[in-house]
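J.: Residues per chain are reported as follows:
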Amino acid sequence: MTPRHDRRFQYCHPSMKDYLLILVGTILVNNFVMVKFLGLCPFMGVSRKVETALGMGLATIFVLTLSSVSSYLVETHLLVPLGLEYLRIISFIVVIAVIVQFTEMLVHKTSPLLYQVLGIFLPLITTNCAVLGVALLNVQARHGLIESFLYGFGAAVGFALVLVLFAAVRERVDVADIPTPFKGNAIALITAGLISMAFMGFSGLVKG
Amino acid sequence: MFGLWNFDGGIHLPTHKAESSLAPMQVAELPKELIYPLMMRNGEKAKPLVSTGEQVRRGQIVVGADSWMNPPLHAATSGKVRGIEQRLWPQPSSLVGDCIVVDVDGDDESVEFQGTDNYASTPPDELLNKIHAAGIVGLGGAAFPTAVKLNPQQYAIDTLVLNGAECEPYITCDDSLLRHFPHEVLGGAKLLMHILGVNRCLLAVGEDIPDAIIALEKAQSEGEYGNIHIIPVPAIYPTGGEKQLIKVLTGREVPAHGIPAQIGVICQNVATAAAIHKAIITGEPLISRIVTITGRGVLHPQNLLARIGMPIAELVEHCGGYTDSAQRLIMGGPMMGFALPADDLPITKATNCILVAGQGEVIHDKQAMPCIRCGACATACPVGLLPQQLYWHARADKLDRLMDCHLPDCIECGCCDIVCPSHIPLVQYFRSAKSNVAAKQRERLKADHARLRYEARQGRKEREKLERAESAKRKKELLYNTTKIQQKSEPVP
Amino acid sequence: MLAFVVLCAVFAFFGLILGYASIRFKVDSDPLVDKIDALLPQTQCGQCLYPGCRPYAEAIANGKADINQCPPGGEEGVKALADLLGLEAKPLDPELGSEKPQRVAVIDEKNCIGCTLCIQACPVDAILGAPKFMHTVIASECTGCDLCLPPCPVDCIMMEAL
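Chains as they are written, first to last, in numbering that gives the first Met the number 0: chain H, 0 to 207; chain D, 0 to 492; chain P, 0 to 161.
In case anyone wonders, no lab produced these hints; they're calculated from the structure. Note that the structure is a prediction, hence the values are computed from the model and not measured. Don't take each hint at face value.
[Said to hold, decoys possible] Simulated crosslink set (DSBU-like; lysine-lysine; CA at most 30 Å straight-line):
#1 P:Lys63 <-> H:Lys108
#2 D:Lys433 <-> D:Lys365
#3 H:Lys48 <-> D:Lys439
[Said to hold, decoys possible] Computed list of chain P residues with no C-beta within reach of chain D, every gap over 12 Å:
#4 Val4
#5 Val26
#6 Pro149
#7 Ala160
[What the hints assert, rightly or not] Quick list of simulated restraints, FRET-style, between CB atoms:
#8 H:Phe36 <-> D:Glu461: 50 to 60 Å
#9 H:Ala197 <-> D:Asn435: 33 to 43 Å
#10 D:Ser93 <-> H:Gly192: 43 to 53 Å
#11 D:Met39 <-> P:Ala120: 28 to 38 Å
#12 P:Leu48 <-> H:Gly192: 39 to 49 Å
#13 H:Asp176 <-> P:Phe10: 46 to 56 Å
#14 P:Met158 <-> D:Asn435: 21 to 31 Å
#15 P:Lys89 <-> D:His448: 25 to 35 Å
Each residue gets a CB set at the ideal place from its N, CA and C atoms; glycine is no exception.
Work the whole structure out from these sequences, hints included.
T.: Dropping the structure here:
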């Protein structure tokens with residue numbers, strides 16, 4: 000077994016290179032939307048206009064980073080010491096829900112237009128499987144605090160990046176000459192599939 | 000040697016200038032009638048200053064100045080006003096409107112003109128008044144009121160650019176002017192430099208009209224005209240576009256939605272400069288201009304010094320009449336001109352060319368095919384816009400995206416049209432999109448205005464209600480007090 | 000047992016945070032209504048079944064009204080609202096009327112009796128007049144809402160195309 004996977008070396012302090020690899024890995028190589036296929040609901044629902052997509056992307060970055068760190072803290076300082084690992088999913092969902100509620104109030108106050116435009120998708124960040132996925136994957140990969148932060152941040156940046164790109168493509172596709180059976184969500188899904196194929200070209204760039 | 004800059008895009012077009020420039024320029028005979036459409040810049044109707052039956056003389060004002068944006072119009076020769084008739088206006092949309100029609104008597108009697116040789120002591124403001132009173136507008140094609148353009152108010156000007164580039168194919172009127180009246184042009188440049196208070200003039204002349212350059216240089220050596228640089232510019236269309244020319248000559252770019260005055264430059268067509276010179280030195284207002292009559296549809300293509308208001312039919316007659324292959328009558332050049340439905344329309348101050356297109360000339364009957372997204376239009380655009388994006392958004396009526404892609408900056412030059420492999424009439428889409436955007440903005444202003452009035456009315460109603468309640472309360476109190484007093488003073492039964 | 004207590008404590012803590020946040024980030028007015036109102040044509044005609052453009056804008060902001068209820072705004076108005084709110088554009092509700100070309104009201108002065116009923120009805124005060132004096136419509140202010148036609152007792156108001 001290589002030293003990195005050997006349990007005895009499990010608590011090696013990660014280096015700057017490892018942090019960078021986490022970021023590149025989550026943003027490009029293992030992009031949560033295009034490679035892991037998580038978070039498809041807001042991806043399809045909010046990508047009609049670039050401005051909306053940008054707003055949603057920023058909101059998700061805020062929520063994901065915060066929930067990634069909070070769930071790490073809850074896991075490490077509450078669940079593990081008290082032996083309550085079996086309550087992991089419930090507590091993570093509650094943490095995420097609280098953060099999303101908080102974000103919703105913040106967005107409502109700072110930008111009511113964005114609030115109205117995002118509509119139901121803002122509270123639906125709670126059910127975004129990418130958010131819960133990041134929290135659980137952090138536990139599985141035994142990430143430390145900084146690694147959890149970067150993992151969550153990178154995952155959200157990757158999500159926002161793909162969301163904005165897809166919204167830009169979708170805006171152009173919407174005004175183009177599309178045959179009637181393909182109009183709307185059909186051509187959007189085909190486009191998403193093509194972008195996904197493009198992202199799979201990154202595989203092998205970073206191992207793991 | 001004067002170093003030049005480049006502008007992005009532009010295309011090389013076959014110039015077709017030899018057809019009309021080789022023939023000598025002639026002075027057109029007096030027409031039988033003069034037609035003056037009563038149209039103003041903002042689309043409203045102008046008011047005539049003459050009435051039916053009135054005798055007019057050359058240089059007499061027939062349409063008064065409405066404001067500085069609408070300079071006066073003068074009669075080009077003497078005659079009697081036949082009346083105000085409904086005629087076709089020389090406009091792209093073929094509107095019918097009121098026109099003053101004058102029956103020319105042939106005497107060419109004129110009013111008294113007052114000019115001055117010594118303008119150096121006249122303050123620029125007074126000279127601008129004279130330019131406005133002479134009805135001078137830009138003779139390059141857009142007919143913008145010159146007195147307004149020469150008054151840049153808060154902007155400091157350091158360079159005068161004179162546009163003799165004449166980049167549009169077929170048109171040679173500026174070439175003709177420069178060859179026959181170089182002294183007037185240079186004199187006009189000197190005058191303009193005095194008005195603007197600049198000491199540098201860049202006179203651009205197209206590379207493909209070398210005779211004009213020679214004539215200008217010879218005239219310059221013969222007179223004292225100040226710091227005027229005569230610069231040949233490449234014959235790429237649309238180098239003659241104001242913003243493109245300024246970039247080529249000075250390297251400065253006019254900001255988006257802005258005017259050249261913001262970067263210290265004022266640009267005038269060479270014909271405008273000559274007209275200004277004439278107006279100040281001799282006092283004669285703008286009543287004639289050189290027009291190119293060309294194309295395979297006319298027998299003897301040439302340049303004519305014609306009176307403004309002269310019907311096109313008479314101009315073509317002077318050039319030998321129509322040939323058998325005459326297909327379409329175009330006012331302007333092949334790129335920015337518009338087709339006319341009849342030839343009894345007059346030439347206006349903005350008419351630089353009458354192109355009688357023959358068989359297979361200029362017009363093509365190719366059907367528009369779907370856009371293949373090749374991007375050739377973006378490469379050709381001299382303003383650096385994305386015609387393909389403008390096209391798709393114009394088709395889908397997405398007005399906010401059109402504004403994001405800078406639709407108002409499109410100069411409608413037609414480069415994208417020419418290079419499009421699918422022959423899509425892009426400029427038509429942009430023109431209609433621009434009018435849609437303008438209509439939407441007008442609607443929004445009207446709606447905002449209506450909302451203000453509605454809210455004012457609601458406010459007034461609220462106030463009235465409050466006042467009525469107040470006065471009712473006061474009345475009640477008064478009544479109550481009076482009753483109380485009465486009760487007190489009456490003895491209890 | 001421990002799990003239950005711990006969870007309750009944690010959730011209570013989160014509840015406190017949310018409670019504080021809901022007071023701190025309280026939203027008083029709704030500028031979204033202004034943005035919607037800016038897209039409406041301001042004819043105040045009531046064809047949307049609301050008493051004016053602002054009440055309709057408020058109803059849209061609250062999700063109580065659909066975006067296709069304004070005939071004077073036309074298809075373009077529906078599209079603009081759809082773009083603003085990120086919704087699907089839909090055709091105008093045919094029961095509420097259809098988009099008519101721009102018209103202004105004109106009073107036939109021969110028949111006007113000076114009763115001021117139309118003046119009171121006009122939502123933008125576009126009719127000039129006084130009791131027993133001639134009434135006239137100021138054409139540049141008239142929005143074509145048709146509200147002055149029903150009150151006139153002698154039917155002397157006509158709508159003319161611009």
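J.: Each hint should be assessed against the structure and marked as holding or not.
T.: Quick rundown of the hints versus the structure:
Between Lys63 (chain P) and Lys108 (chain H), the direct Cα distance comes to roughly 21 Å. Compliance with the 30 Å bound is thereby established for this hinted pair. Proposed proximity of Lys433 (chain D) and Lys365 (chain D) is supported: the alpha carbons are some 25 Å apart, at most 30 Å. A threshold of 30 Å between alpha carbons decides the hint, and for Lys48 (chain H) with Lys439 (chain D) the separation of about 22 Å falls inside it, so the pair holds. Here Val4 (chain P) stays apart from chain D, with its beta-carbon at least about 56 Å from theirs, past the 12 Å limit.
Distance to chain D confirms Val26 (chain P) as a non-interface residue, since its nearest Cβ pair spans about 23 Å, more than 12 Å. Under the 12 Å C-beta cut-off, the non-interface status given to Pro149 (chain P) relative to chain D holds; the minimum distance is some 18 Å. Non-interface status of Ala160 (chain P) relative to chain D is upheld: no Cβ of that chain comes within 12 Å, the nearest being about 16 Å off. As the Cβ distance of Phe36 (chain H) to Glu461 (chain D) is approximately 58 Å, the hint placing it in 50 to 60 Å holds.
The supplied range of 33 to 43 Å is met by Ala197 (chain H) and Asn435 (chain D), whose beta-carbon atoms lie about 37 Å from each other. With their beta carbons about 51 Å apart, Ser93 (chain D) and Gly192 (chain H) fall inside the hinted range of 43 to 53 Å. Met39 (chain D) and Ala120 (chain P) have their C-beta atoms about 37 Å apart, which keeps the hinted 28 to 38 Å range intact. For Leu48 (chain P) and Gly192 (chain H), the hinted distance range of 39 to 49 Å is satisfied, since their beta carbons lie about 44 Å from each other.
Taken as a hint, the range 46 to 56 Å holds for the pair Asp176 (chain H) and Phe10 (chain P), whose Cβ atoms sit roughly 54 Å apart. With their beta carbons about 25 Å apart, Met158 (chain P) and Asn435 (chain D) fall inside the hinted range of 21 to 31 Å. Between Lys89 (chain P) and His448 (chain D) the C-beta distance comes to about 29 Å, which sits within the given range of 25 to 35 Å.
The structure fails none of the hints (numbered hints given earlier).
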